[in-house]
Structures are given as structure tokens and as C-alpha cells.
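Asker: Chains A, B and C supply the protein sequences, listed in that same order. For the record, in the first sequence the residue sitting at position 52 is 52 according to this note's numbering, with numbers rising by one throughout. For the record, in the second sequence the residue sitting at position 287 is 287 according to this note's numbering, with numbers rising by one throughout. For the record, in the third sequence the residue sitting at position 148 is 148 according to this note's numbering, with numbers rising by one throughout.
These are computed hints drawn from the structure, not numbers from a lab. No false leads were mixed into what you were given.
When the alpha-carbon atoms are kept at most 30 Å apart in a straight line, the in silico DSSO-like pairs for lysine-lysine are as follows: (1) C:Lys157 / A:Lys181; (2) A:Lys270 / B:Lys418; (3) C:Lys52 / C:Lys2; (4) C:Lys229 / A:Lys151.
If you want the ones that stay clear, here's a sample from chain C, every Cβ over 10 Å from chain A, calculated: (5) Asn32; (6) Glu51; (7) Ala55; (8) Lys201; (9) Lys207; (10) Leu211.
Partial list, computed: chain A residues near chain C (C-beta under 10 Å): (11) Thr88; (12) Leu220; (13) Gln241.
The structure displayed is predicted, hence computed values, not measured ones. Glycine included, C-beta positions come from ideal geometry on N, C-alpha and C.
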Amino acid sequence: MKILVFIQVDDNQINRMSLETLACAQHVSNDVSAVTFNNEAANELVKYQLNEVLLVNHEDLNSYNPLRYAKVLEQMIDNYDNFLFAHTYETRDWVPRLSARLDLPFISDCIGLASDNESILVTRQSYQGKINNDLKINSKSFISIQSGCFKSDSIKPGSSNITNVDVDLSNIPNTITAEEKFKEQKGGVDLAAADLIVSVGRGIAKEENIPMAEELSDLLNAEVGSSRPIVDYGWLSHDRQIGSSGQVVSPKLYFSLGVSGAIQHQVGMKGSDKIIAINKDSNAPIFEIADYAIVGDLLEIVPKLINKLKE
Amino acid sequence: MIEGHQYEYKPPHEVSIVFYLIALLALLYLIYNLRRLFTIQVGKDELHKTNVITQMYTALTFGVGQKKVYSKRFTYASIMHFLIGWGFMELVFATTVDFFAARKWFLSYLPEFDTPWFACLNDTGGLMLTVGLMMALYRRHVDKPDPLPQTATSGRGNLFGDSGILWFLLLLCLGGFLSEAARLAMDKPITAHFSYVGYTISHLLPDSIWISIERKIWWFHAITSLLFLSLLPMTKMFHIIASVTNIFFTDIKRRGDIRPMFVSEILEDPEADIENVSLGANEISDFSWKQLLDSVSCTECARCTTVCPASRTDKPLSPMKIITDVRRKLYSETLNLNNYDGALVGGLITETELWSCTTCGACMEECPVLIEHVPSITDMRRHLVLSEGKPPEQASESLEKTLQNGNPWGLPQHERAKWADDFDLDLPTLSEKKEVDVLYWVGCAGSYDPRNQGIARDLVKILSNANIDFAILGKEETCTGDSARRLGEEYLFETLAKQNVETMNKYKFNTVITACPHCFQVISKEYKDFGGNYNVVHHSTYIQQLIDEEKIKVAPKIDGTITYHDACYLGRYNDVYEAPRSIIESLLDEGGEIVEMKDNKSGSLCCGAGGGNMWHEIKEGDRINIKRFNQAVETEADTVATACSFCAIMMEDAKNVTGNEKTMKTLDIAELVADSIE
Amino acid sequence: MKICVLVKQVPDKNDEINLNEDKLSVNDSNFNLTTNESDNYAVEEALLMKEKFNAEVVICSFGKESSVQVIKDALSKGADRGFLIENDLDKEYDILNISKIIKSCLEEEKFDIILSGLQSDDQGNGQLGVLMAEHLNMSHGSLVMETNLDVDSKSIKVKRELENGWFQWSNLALPASLTIQSGINKPRYASLRGIMMMKKKPIKNIKLSELQSNINDFTEIKELYVPQKTKETKKIEGSDDEIANQLYNVLKNELGLI
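Build out the structure end to end from the sequences listed, making use of the hints.
Answerer: Set out below in C-alpha cells:
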């Protein structure tokens, strides 16, 4: 089975999730190649056990554009059986175009990959992580791998060669033009570097309860994070948001208050060493991944804990 | 004729035809001004199920008798109004009798000017009015309580404003006494001294001067009186006519009830003019004529505003302003008076004002003229929600969750009985038993809120201990819809009502008990409109019965000071004040004592969660629950007892926020009893 | 200006998901059905555009017959008309096939803008909007947090959400397909008046059995199952005070963090 792994590069750095995808591909096949549009990345990739490293050098590919990216892969379709991607926002933005164009399925956000020599087998989740789906794909396919499902440090090292590839990027309609990317505010908190995080979810109920979480966080020398709804309400700034649309964190302790732990939040904090979760709902998904589970009213428990910490 | 006196009837001095002409004009103008009362005809029909006798009795006691002015609070203002009201009525009586006597009509039955008791009574009436007016002026100018307006605010548009009319009346009193003094000086009846005030005044000037100015004073008094009468409906004193009329038409039994809309009938009516059919109240014609009569009758005493919990915590709401704003819009539309071209809801009355109301009913409890503030506010909320789709932001989520999951928190419907399952309580459900003595309606809070789940478990413990044959509905129970209805979401309320009635009517039970007064109000009174007629008892009443009938034995365990917070929907709405108190009494140990907060029983201060306020925040002002809790702190009690799911949450919250979590306890009646069961 | 919003009916996030005996499908008989969360935001965004630019808003849904309810809900909020592509074949389809089915129904209308929710709460593929863009030759923007339509220049600027707190504005030529992220706006409340007016709005029904579309069967479900929990979770129980004490112990002694 010939697999091509697309390597996403952000700010001249290989995206960690792409390396995880690479590790995943190597587990499933001996014939794995990688494709990248970035020179530095290509030079790094040769250190891994790959059939070849494809480098597409074209000035139109220096910044992301979904139509151009799709056009490149379109021209490689015949040479490989399956194409793997990291399940990033970028992937979600262009790979479906490829899927529709070539009438080949794109199975996204997979947590497991296997092969039975003729077909590829994937596992993905549905109903917010409540059900696993084992699927067999009977054609060429595009597959994206969920963050944190494979460890990037399990990549098999080796040595490979860079093959320069030319592509035809003419006749691409100029209907999508992107400006420079930006962050909403300067000097935001870098939760990815935090050792301890106290995170608030909808269970905090009211904006006036946030200082209580902040107090707990201060007492623990932690940073405050939150799930998406809290930021949407405007109760905390965007740099506090943890999840697929916020920061991905891996602290020693993730102490969540009233966070339900829906899948898009989980992908942002699954990698935490220890997770303590307080939530009123005993069925909250966060309890699936928590080390310590408390089903209760955080508005009652946290003040008492704060008092205990102050003693 | 008085025995022993040679009292010769002295006819009054000639009254020229001019007087009668002016009087006629004044009367006509008065009748013309009464058109204000008739503007209410633009309102919708309102059904009445009472009879004239009951209504006359109501009008006499509450209207003429001004019962509520004294019964709610006996204060400076009550005394003041007693004097003004009765003084004025006495003078009207006196003037009428004098009018007849002067024309020798029914002379044998009527007392005359100088009949001693009559003379004395009349002067007393005049004196009462004068003293009352001076008290009122003092209050208005010198020592004014805050909610009381000084000038004509927000276009309430009373001629002469609030204090001007008092001065005018004072002028009438002055004129009255002066002309009496003049007459006494002129006629010198033997019984003159019985008119003690006039008699005294008549000695202040020589007779000759009195004689010379007597006619002028008479005319002065006559003209000012007629002027007052003809202008009456344009002044604040219109309430004399309007409020008694309003009280006459008030159905005491249904006062404060939210009227159903029967939305499904509107929906199923193929002829309905979808774009224009009124959903809630915004146009003047959307209100019922009775609601409009309410607005016309407002005397602007501000008693409602003084007790309104929203007002007391500096929120924009003033019940008096809401009612007078409706009046302003009414007059603007019908009489082109004090024009306001904008909308009533969202314009004259802002959305925040409407959402600040907790529907606690303190305003209606206070109002001396029996205005129904809450139903009018609810009708305007209905307009905001049903017609414009604008519930308060955070509350809209709770409404959608209630529709989707059967509870405002949006927690899973299928986990509604988890509070029992998790604790191995082995509670039978009606779907299993089909027939039972008591249905325990748990409510959303009891089912999902940890604090109230504890109360539910304690109640179950009590019921089990008493060997009561009871069951719950479990997953078949959904929200009663109280919050939805108070927020104006009548469509959602109806949907829930029909669903719950259908469920309950599948089974047989004698009594429904509930720990939540909101559920109690809805199930016992409001489901009747949808085919649900049940015997509902609040858990405090039920527990009291259990104690009285010795079905449970309780040991006195409370040895500290305890105060009881009356829930609005249990107290004011349903008159249950004594049961919780008597339960607490039976739990008091030697050192135990029950104390009352400043505002208690029917004057209790709301906890702040009613009217849908549990589900959204009003940004302005302070927290109502904290204000209430501080009243408890003032009593130096160490325990605050509650009997309502919302109050439990609010008091607990306030206890923590005010830093009293270690020093005070907030406990439901069920918790107190469960703890004391032997 | 014609806008189409693709909406999906999904089970409530609270629902228990039970599998059928064959382990190849989910038992939907007890589902508490509702509109997919991010689709609500898409509908609201369309209605905002309607108000500003006098656009026509058409609601389209693919699903079982019950899906007509989500169309009705959107019409109650102010959309103009809707159509249901009714899945009357009792089969589940993967997202690529669904997109082809929808394409065959949408093509002739020539919409200027297609809006859809970022991803569905049940399958969570997150692809439909971008697939439609390719099928119908439109530009696209995904994870849209803000829109700025310029009718005169026939273009729309969108603020896209990127990872790690980055954002980016993109300029898209119309016609464009946008996938809408939750939180972009505040979905309005459906008033009773809106519900009443909805009853007069047309909803077309197209049956899948009567459609021609080239459905493939490349994706085959081998098995559905409930994932096994590998982590050991310690429950901390008791009264609030006891819980606070135990937490303190965990933080101090077990985790050594204080």
C-alpha cells in the first residue's frame, strides 16, 4: 500500500500533528512517502524512514491557498493508494475540494488506522465521541488523523531522499485571496507552556463566578483556561480558549470546572498528565478522560477548596 | 327643629341665576372630562364571573372604606389619607345635605346648617381635610420619601401636578371656613359655637367686615369648588371616581391571576390575521378594558414602587411608572393628550424595566386601588417574546432548553429521576403503580439541582417514614412551565401544560404534593385552564398535617435562632404563612427561638429568582437575594429556613457571597424536619 | 441575492446512543431531535444578510422525513422557503455521497452564497460546505467567524479561524460557500408570530428514491461500538466539605502540587 503523507508547515516549522500522521502511516505501511512545499521541512524529513520526500517548489505555494494546494495533490493522485493528512483547520479547508473533484472519499478526524493489504481500515468517532466507527475504504482515499492519537516520537528514523517535483499551477481561478494572519490581541497568555491550568466551562454559570476560578488558579499558581462558550460570551479573552479552535495544552495538571469535555475541547487538553474534573452531569464526556472525577456543584465545592488552600 | 330652641329657619341668601348657570357649565365640563374614564372602551373584553352584590361590597370596603390604605401599613401616610379621605367625604355629604335643606326639600328628614351635631360634624370634616392636606404637603415638600414624585414626571400629565392639587384643595378648605365664618357672623345662630372652627374664625374680624365681604367669599368658595369639580378628572384627584370604579369591577378572587391566551386556538384558526393578531400587549387595544381602567385609576401613591424588590435594589423598574405609562399611551391614542408617538413596549417602557420584574406580587399586595400590575407586565412580556421574539438574552437559552429537554438547565430528560436512582431510594413511579395516594411532583430543581436534590431526598425520607403511599412521575415529568409563562412565553407554557395534564390524567391519585411553590401555583391553579384539576398541597402544609396527625414524630432540635423566609408564590400567591412557622415551632428546643425579618409574611421581600429572573441577569442595581439575606443577618438568626426551590438556591448563594457560609445555615423545611425525625 | 443554508437534524447532545443488533447502525427510535448547533449560527448569519441586503434565504436539508422540522424552525426565524431532500431509502450515506445528492438538487437554483454549519453534532465530518463549493464551482471559506458582504463588487470578505488563536481575513469572489463557526452571532429566538407566518411558507419535498445521482459505496461500515475507557478514573464523593478536603489531599499529597 503506497501512502503519501502531506506535511503541513506553519511559520517554517513542521506542524507537530503532521509528524504524528507520519508515525501513524509508518505503522500501517512500509511504503510511506511525504510531500511538502517547504525546503527546510524537506531537509528535516529525510531523517525519517520514508520511500521518498517530495518537495514541490513553487512561489505560488509559499502561502496557503486551498485551490492551489488541491491542484498539486490532484496531480499526484495516480501514484499513491492513500493520502494522509493531519486533521488541522488547514486540512479541513482544502482536502474536501480534492475529494469532490476526484470523487474519492475523505475520511476525517480518524483515531485509528490499519490495513488488510487491499484496503485501508480507519476508525473514527461519531456522536461527540460516544461511538467508534470502524470503516473499510474500498477505493483510494484521503484520511486525516486526529491530534494526539499517535505519538510523534514514535516515528521510525531512517534516511531518505528529496525528489523535486514540478507542478502545473496555471488556470487556477483567483477567487480566494487571503490576507496576513493575525492574533486578536497582543501579549496573550501562552497556555501551551503552562504547567498547571484551571479551566472553566459553561458550568461556571455566570460571569461573576469567574473571579472565584481565578482565585483558585492563583492559589495553585496556575493559568486560567476555558472552553469555547466562555470566550464566546466575552467572559474571558480568546487567548484563554482551549480546544480545537484555541490552544492545545499539555500541563501537569488540568483542573476543569464545569467543563463538559466535548470532543472539540478534549482535543485541546487530552495530553495533560493529570485531569481533575468537576461537573454536575455524571455523563459529561470529560469524565471519560479524567483521573479524578467529582460529580457535584462547583459553585459549592470550589469556595470550600479555596478556603482550605488559604488555611 | 330643635326642641326648646326658638330656632327660626333663616333662608340662605339669594343665589342668583348666574350661580346655577355656572354650576351647570361646571357639571357639563365635569361630564366632558369623564371621557377619560371612557377611553378604556378601546380595550378587549374581559369576562367576569362575579355578581353585583359582591362587587358593591368590594367597592364599599376597599373603595369608599379605603381598607388597604390602613390595613397594609398603618403609617403617617395612612393617617394622612384617612383624614383627607373621610374629611372630604364628610364635606361632600354636608354640602349635599345643605343643598337640599336650602331648598327646603325633605326638610323634615334632614338636619340643618346649625343643628348642633351636624354643625360639629361638618367642621370636624373640614378640619380633618385641612390637617390631612397639610400633612400631605409637608410630606411632599419637606420630608419626601424617594419613590414619591414631586413634579409631573414622565408625562403623567396631571393638571396642577402632585402638590398643586393639594394647595388647590387647601384653598377650598380655606374658602369653606371663611364663608362659614362670614355666615356665622352675619346670622349669629344660637348654636354657632358648635361650628367650632368657623366660630373661632368669625371672631378674628369685626362683624361689619364679615358682612361686607360675605358675598365675595361665598362666590370665591363657590367658584373654586365648581372649578375643582369640573377639573377633577384632569387632576390627581380623579382617583376618587376612577379608583372606586376600578375596585367595583375587580374580581378579588382572580386578582393577580395570569389569564391564558389559548395560543393553540389562535394557531388553528384559519381566519386568523397572522401578521396583526395581537400576541401579548403593546397596542392599547391589546389590553383588556379592565387593565386600562387599572391604569386610569392609579393614584400615584407609589406604595407599589416602595415595596418592589427590583426598585429597592436600584433596577430601572417602578411598577407605578409602568401603570402610568400605559395610561399615558392610552390618553395619547384616544384623547390626543400628552402625545407619545413611539411604541409602548420598547419605547415608553423599556425592555429592561419589564424584565426586572420578579412577579413577586408585593406591588399588588400594597396597592390600595387593587391594580393588577403583574398580569399587565406579563402581557407586555408576551408581546416581546411571542411577537418580537426578544426574550432576555440568557433566558432565551433556558426557554429553548426547556422545550428541547423538559427543564431550563437543558440536562437530559432521561436523567430526571437520577437523583433517586443514584441514592438507591427505590422510588416507585406512577407508570409502574398506576394508582397511588400521593403524587410527589419533584420539579426541575428537585430533579437536577444538587442543592434541591438533597431537599427532595429528605422529603422522600419523611414520606417513607410516615408510610405514605406515594410515587413520582420520574422521566414522564417535565417542567411545569412556570418560568416560561412568567417570561411571557405562553406558547411554550401551553405546550408544557397540555403535556403534563395529559400525563397526569393517565393516572389516579388523591393529592399532589410539591416542595416548589412555583410548581404548586401552576399545577393547582393554572392547569385548570387546560383540563387539569388536582388537589395540590405544598410540602410544608402536608408535613404540618403529618405532624399534627402524629404520622411522624419529630424531636425538638433547633436550639439557635431561626428565621423563616416567606416565598412569594407560597405566601402572597397562596396564603400559606402559618404551616412552615408551626412546623418550626414544633422543632424548637429549649434555647430555640423563631424571629421575624423586617419584611415578613405578606410583606416578605422576594428572593429575586421569580419571574424568570433565575435564568438571566439584570445588569443594573444590586442583587435582590443579597438584600433579603441581609435582612436575615439583621435578625441575628443563625439559620434561615426556606420552603421553595428557588429561594433555597438564592439564599444559599447570598449566604456564600456575603461571607456567611460558616456562621449561618440555609435550610429547607423538609431538611429541618428530616433531621429531627425520631 | 440568493442564499442557501444547509441544515441538518441531529439527536440532542444529551441523548443516549444505542446501537442496533447488527452493530452497523444506530437505534434512532428514542432520539430527541434538534437542529445541528452550528447550523443555527449559519441560519442566523443568512438572516442577518437578508435583513441587510434584502436577500432571499432558502433552507435545505437532507435527511429523514422528520428533518422537515429543522426547516420549519429556520422558516419560523425568518427564512423565505425551504426544501427537504427526503432520505426515503432507509440507508446511511457518507458525506461525499450526501454532497452529490444535494448538488443535484441545488445546481439549477444558482445560489450566490451557500452557508452551512462547520460540522454536524452526530457525524462530525465537517466537509459539506467545502464539498459543495467544489461541486458547484464556488469559492469557499471554512471556520468563518465574521462575514462582510459587498454586493456591488460581488465578493465577500470572511474572517477565518486558524489554529492556536490565529485569524485571517480572506476575500472570496461570489458565488461562495462558507462553513460557519459557532459563536459568530447570536441566533435569534423563534417567536410565535414567526411560527405562525412559517405555516404559509413553501417547503418542497424531493424524494431521494426519485433522484438520479451517482452514489458510490466506497465507504463500508464494518462495525460500530462503544469505545472502551482505558483510563482509570477515581471518583471523589461525599458532601461538599468532604470533597473539598479530598481534593486538597489529592493536590497536596498525591500530585505534590502544593
